[in-house]
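**Student:** These are the residues of each chain, in order.
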Amino acid sequence: MADVSTSMRLKLPVVCFILEIILIILFGALVQYDYETDAKEWHNQSHNDYENDFYFRYPSFQDVHVMIFIGFGFLMTFLQKYGFGSVGFNFLIAAFSLQWATLMQGFFHGMHGGKIHVGVESMINADFCTGSVLISFGAVLGKTSPIQLLTMAMFEVTLFAVNEFILLSLLGTRDAGGSMTIHTFGAYFGLMVTRILYRPHLDKSKHRNSSVYHSDLFAMIGTIYLWMFWPSFNSAITAHGDDQHRTALNTYYSLAACTLATYGMSAVTSHDGKLDMVHIQNAALAGGVAVGTAGEMMLTPFGSMIVGFLAGIISVLGFKFLSPILESKLKIQDTCGVHNLHGMPGVLGAIVGAVTAALATMDVYGKGMEDVFPAVADGSIDASKQGGVQALSLAITLGIALLGGLIVVFGTPPDTLCFEDGVYWEVPESEAPHEAQLTTVRTEETEKLSS
Amino acid sequence: MADVSTSMRLKLPVVCFILEIILIILFGALVQYDYETDAKEWHNQSHNDYENDFYFRYPSFQDVHVMIFIGFGFLMTFLQKYGFGSVGFNFLIAAFSLQWATLMQGFFHGMHGGKIHVGVESMINADFCTGSVLISFGAVLGKTSPIQLLTMAMFEVTLFAVNEFILLSLLGTRDAGGSMTIHTFGAYFGLMVTRILYRPHLDKSKHRNSSVYHSDLFAMIGTIYLWMFWPSFNSAITAHGDDQHRTALNTYYSLAACTLATYGMSAVTSHDGKLDMVHIQNAALAGGVAVGTAGEMMLTPFGSMIVGFLAGIISVLGFKFLSPILESKLKIQDTCGVHNLHGMPGVLGAIVGAVTAALATMDVYGKGMEDVFPAVADGSIDASKQGGVQALSLAITLGIALLGGLIVVFGTPPDTLCFEDGVYWEVPESEAPHEAQLTTVRTEETEKLSS
Amino acid sequence: MADVSTSMRLKLPVVCFILEIILIILFGALVQYDYETDAKEWHNQSHNDYENDFYFRYPSFQDVHVMIFIGFGFLMTFLQKYGFGSVGFNFLIAAFSLQWATLMQGFFHGMHGGKIHVGVESMINADFCTGSVLISFGAVLGKTSPIQLLTMAMFEVTLFAVNEFILLSLLGTRDAGGSMTIHTFGAYFGLMVTRILYRPHLDKSKHRNSSVYHSDLFAMIGTIYLWMFWPSFNSAITAHGDDQHRTALNTYYSLAACTLATYGMSAVTSHDGKLDMVHIQNAALAGGVAVGTAGEMMLTPFGSMIVGFLAGIISVLGFKFLSPILESKLKIQDTCGVHNLHGMPGVLGAIVGAVTAALATMDVYGKGMEDVFPAVADGSIDASKQGGVQALSLAITLGIALLGGLIVVFGTPPDTLCFEDGVYWEVPESEAPHEAQLTTVRTEETEKLSS
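Order-wise, the sequence lines are chains A, B and C.
Anchor point for the first sequence: position 263 equals 263 in the numbering used here, and the numbering is continuous, going up by one each time.
Anchor point for the second sequence: position 183 equals 183 in the numbering used here, and the numbering is continuous, going up by one each time.
Anchor point for the third sequence: position 383 equals 383 in the numbering used here, and the numbering is continuous, going up by one each time.
In short, the hints are calculated from the structure, not lab data.
Heads up, some of the hints might be wrong.
Computed cross-link-like contacts, DSSO-like style, restricted to lysine-lysine with a CA-CA straight-line distance of at most 27 Å [as the list claims (entries may be wrong)]:
#, chain 1, residue 1, chain 2, residue 2
1, C, Lys329, C, Lys206
2, B, Lys204, B, Lys320
3, A, Lys385, B, Lys40
4, A, Lys329, A, Lys385
5, A, Lys367, A, Lys385
6, C, Lys11, B, Lys320
7, B, Lys385, C, Lys40
8, A, Lys204, A, Lys331
9, B, Lys204, B, Lys329
10, A, Lys206, A, Lys320
11, C, Lys320, C, Lys206
12, C, Lys367, A, Lys115
13, A, Lys40, A, Lys204
14, B, Lys11, A, Lys320
15, C, Lys40, B, Lys367
16, B, Lys320, B, Lys206
17, B, Lys331, B, Lys206
18, B, Lys331, B, Lys204
19, B, Lys11, B, Lys40
20, B, Lys320, B, Lys331
21, C, Lys40, C, Lys11
22, A, Lys320, A, Lys331
23, B, Lys206, B, Lys329
24, C, Lys115, B, Lys367
25, B, Lys40, B, Lys115
26, A, Lys40, C, Lys206
27, A, Lys40, C, Lys320
28, C, Lys204, C, Lys385
29, A, Lys204, A, Lys320
30, B, Lys115, A, Lys367
31, A, Lys11, C, Lys320
32, A, Lys385, A, Lys206
33, A, Lys367, B, Lys320
34, C, Lys331, C, Lys204
35, C, Lys115, C, Lys40
36, A, Lys206, A, Lys329
Working from the sequences, and respecting the hints, build out all of it.
**Tutor:** Written out as structure tokens, the structure is:
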């Protein structure tokens, strides 16, 4: 592994081509249009075109799609010299993950007569699973090669589908916006991976692990898109009608309350009482994570705002006090602070969901109970039992995520060349790191590695 | 007020927390899901899911949401050293305003049995009201603290709701896209505030009150999003069916015509015949403002294009000739030129609306008259009277906006530190203003203030 | 033409105003609301509001709109000193083209009783035609004045409408996403224009014909938006129901497969095995172009992925090996490489469409055949004949595009001042090219021109 770039020339194309060819073969063998996308099937029955699920979900799908590719992609461009890697590797692993997720999710809970049926709902679910992988990417940002990222994605998507299957299909857990399945899972999986890949000499790349003025503005593009479209994210696969409507509304208020909490906490904890861009870029989003489970329930705007408010506070405190401890004591180098944005708020969201579920009554939900808690509506379990199932699901998710993160093992770029686009990308000349310097560093590293 | 930042550490958190806690308590006491978001209510009656208002309005809502947070936020990033403040304070006051607006608008015209009902329409209305506050923010950009901005937002939202109540509920004025209620109101309110806060020594910050190459590109993100989604803005709360469709179409053509007028006028008025980014970023949007009232009417594409064309011309002329006079003679320092983008085009839009209303006939509108002019359709007034009501509404809006702007009073950052992120934000080191210099300036200011 | 800017002061306003006034007059004489946007017409019949085409197509329209103004606009900002021109001229010619296209397309295939009917479908079609013009703009980027661009747009829109009329109306060709009508047409038209405008001394502007770090990030905004919303582009005007749904799905998978192929090919062909931003920004989109014709057909996800995979490979190979040859041997200076992104993938898309059409059977399409191949469904031609028509359409498109590009002739900025915003835009002082230097260059050029 004398030269990082030379090995890329061989390995990356091989990995990309082999993965894509496998995907194509499996799609050829297993994937079919579902009832609503198939010309013959759809026209076989009589109904109106506006009943096609496309019109209920496609606008939400596109909002989710923007969150995955622009939201996550640009949120991570805050690093001064890792903008190409942030948005570019995000693009690569997302494009891979959504294909692989279609297969894995289809395999575990979408088979119909030996075939995986696809349509707008499977597209949303694949994007959701991809979101989880991108959360983990945030934890290891700047310290991994694209090949490692693709490997990680392959494992993580698989385990995501397993966890999702256990929760949604076996246990009947409700988690429409994925506080558990997406955020908690992605965060703790990523934290475990970054722990295993601990780099004792990462401080050698410390000067690059920070932002410049314009990179912070690029990151704000990601933040704002995530913030705006989170109501679509949480409501994208809830039941039609009041459910989608209510989930969007709850998320909207949770995020608004979270934002005020974030600004207040940022000023109170920061140096000199100034606002810290890291908090604004991340903690203001915690409100969306924290109503991912309970958003479809009758949480009320009041309840949503309380949850969002708490999520903002917890998240800023995490950035200020917990992250340094995680790094120094537990050797967890969490580049984007996903523990503060997705980890803790995800756990909070799971708990809120469990409590809200346990308190559900027919008096509040009426016939709408069938949409939100079908098992409670048909009398097979009672509400408090549903709450217990929700709580159990959190534990299972944490277990699978942490164990799953342990599985992934591999080789990585030297500590001196982290957070640096020049390793994997052609960088415009004027801004490229001094070639000589780069070479020197490489040589040193090579010596170390080969010694 | 010796040190701006120290006072932020105390005041901003206190203000944020108190405001949010008050909001949460009021939401708990007053706010309820409406018929279409409530699980029990919606399921109590028989209807198809696609009849839920969510599917008629949510895509438009998301477009409006993008205009508020990305559109306004990035439009103002043109300042070279105030990008964090532009997008960051925009974020803060918008998140506050939309919550406060839900309460105020609900209080004035959304109470049902002592409760404020919320759903996608209230979300759009709250975003609309927020837009008005952000217009005013444009007038004072770079010269106010976040606490002042929150105070301004609190007053402005309240008065916005009062004005809206008088127009829409008492008088039966039509103003779906808010030429009067949003743009005229926001602009003249903001101009009055910036007049009261007149800074005689603002030329000390003159070198920062300008753009750099990349800040102009960031601002174009805001411009283009506002331009693209304006058809959704104007049509978001018009009646279902032909009304939403027609409004979007009219706005689309008005904006296209406005853009050509803007480029032509920019070249003719600018130094050396070159195009001026300030014009492109702002005047090209005036066409959307100017069909805010008449867009839902049978204005025809032809009429819409004439209105857009005029709006573009007026707006560029305003930037070139009127803004300097307003500053030098009337002491109105309008940072973003909101008078040219929202003020004059808003007044034009109100006049166009009044004339178009006065000319409405059953021959043109048919049974569609019920949607656009219900009072004319049921015979309680005739079209010319509706035109009169529209004109009166403009006068009322101007009066309330200007008087309202007078109410807001407070203390502000020193003239030497305007348009500077370093006052309120942690700025990445390499780009921070020289610490010594900042300190010196502060000390001087402190001396002045305490003397 | 002694001074470029002086002539702009006169010519650009005159051109903009005359064009817009002509447009307004023609709209006044010819354009009418269609059935679904007209208050009287829509209310004359009984139907539900959700049957209005607005709800089937407006969200797709807005996605297409974003692709046209943000997608194309920002994709071209990769040039270090031509960001204003990229996004600003894109804005100008798009705003003109969509109005002119409404007239031309209406004239050729939208007349009803002597009037052109407009609604959401005409808006989408106008945006599509605009897209074609912007593709041609990509070929000549940085080397043409705004007046030339408007002239080119005027001719190109007209010929686009002629070609579209021949294909869709006369021959019954299927091309919902425009592999032929939009991409192939726009690319070869633009390549012919740039060939005629060949600049032997363009290497004098060579140092500006490249990117800087942040300009590449701005370009990624354009890329990602194009990528995300391409499913909406291809499905925007297909039949309601399964057709829109299926087209979006096929495009989604084609793009994902294309992205992996692009990353692999970029690493294998680039210097040192590093990824090249030019490939990522462009080739990853070829998958959307290549399913523009067959996307609405029963191509299956499997077929879509194969097409996308091939498109990505072809596109990167084009950038690496074909573009340099086109420039050195054929004197085609293709600034954005539109031949690789739109030309070859467009031709591939046409071929895939012809083959897929030829293979269509009732067994696969059932009653859905009426939506996709109405002429095959009603028995007037058989599937293999439809395939032949598709192939013929490609030849016609290539012919009209290449001949059309020959027509456009004009005068242009000097070779030394290409790719430079300072010629047409007020550039913030600190970054403006040294005034003296600019003057010197101008003087030299003037001498040459006048000699």
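**Student:** Any hints from earlier that this structure breaks? Give me their numbers in increasing order, please.
**Tutor:** 4, 13, 19, 21, 26, 27, 28, 32 and 33
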